[in-house]
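Turn these sequences into a full structure, and let the hints steer you where they fit.
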Amino acid sequence: MFDTSHWQRLLVCELKSSSLSGEEFWILVMKILEANAGALTNFEVLDFLCSRGAGRDPTRVIVPVAPSEFKVYDYLEQTAACNQTRQAIGEFLEKCKSIKLAKAEILNIINIRPSSLVELYPIIEEYDNRFGEATETMEEFVETVQLLPPPPNQMQSEQGTAADETEVPDGEKIEVAE
1 MFDTSHWQRL LVCELKSSSL SGEEFWILVM KILEANAGAL TNFEVLDFLC
51 SRGAGRDPTR VIVPVAPSEF KVYDYLEQTA ACNQTRQAIG EFLEKCKSIK
101 LAKAEILNII NIRPSSLVEL YPIIEEYDNR FGEATETMEE FVETVQLLPP
151 PPNQMQSEQG TAADETEVPD GEKIEVAE
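Position 121 of the sequence shown, counted from 1, bears residue number 121 in UniProt numbering, the numbering being contiguous throughout.
In case anyone wonders, no lab produced these hints; they're calculated from the structure.
Just so you know, not all the hints are guaranteed correct.
As the list claims (entries may be wrong) - Restraint-style ranges between C-beta atoms, simulated for each label pair:
{"id": "1", "residue 1": "Lys97", "residue 2": "Ser51", "range": "26 to 32 Å"}
{"id": "2", "residue 1": "Pro64", "residue 2": "Thr85", "range": "22 to 28 Å"}
{"id": "3", "residue 1": "Ser51", "residue 2": "Ser116", "range": "30 to 36 Å"}
In this text, a Cβ means the ideal position worked out from N, Cα and C, and glycines have one as well.
As C-alpha cells, this is what we get:
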C-alpha cells in the first residue's frame, strides 16, 4: 500500500502516435498490470499525476493528461497530499506500528490528516471497544499524526491567526492591517 513505486506496478502508460484521415494524433494507452492490488494514498496519486506532467503545464494543452486527471490534480493540490513527502509518511508509519490499526484506517489518517482526537474518532472503527479508556495513548497518537504536514488551508489559517489578530486590553481581538 505505501510502497514508493506502488502505482508503477499497477499500471503502465504509454503514448502512441496514430493518424486518421491524414491528421496525426496521440493516443494514451494505459494497461492495468495488477487489478485491485491495493489502495493508494492521495500523495501517491498526486505523485503519479505529477510524473505524467499534470503540474507542469499551466495551459493544460501540451501534456497528455486527461481533463479528469487535471481535476483530480487540482483537488489533491488543496489537500494534505500536496505537502506530504515519502519521508514524512514513512516516519508516520514507523511510529504508528505500536497502535493496531487496519490498513484502511491508516490510509484514511494519511489522506485526511486529522489534527485532533475528535477528527480521529470517526476514522477508527469501533473506537470505544478498541481504545476505550486509552485516551492518553490516542492523544499521543494525534501528536504522531502531526508528523504529517497539514493541508495548505490549515497551514495558512494557523499562520494567519497569529499574525493577523492582536488582542486589545479589554480582551477583544482586532484585525491588523499589513
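Hints versus structure:
no.	hint	result
1	Lys97 <-> Ser51: 26 to 32 Å	holds, 29 Å
2	Pro64 <-> Thr85: 22 to 28 Å	holds, 27 Å
3	Ser51 <-> Ser116: 30 to 36 Å	holds, 34 Å
In terms of the numbered hints stated before, the structure departs from none.
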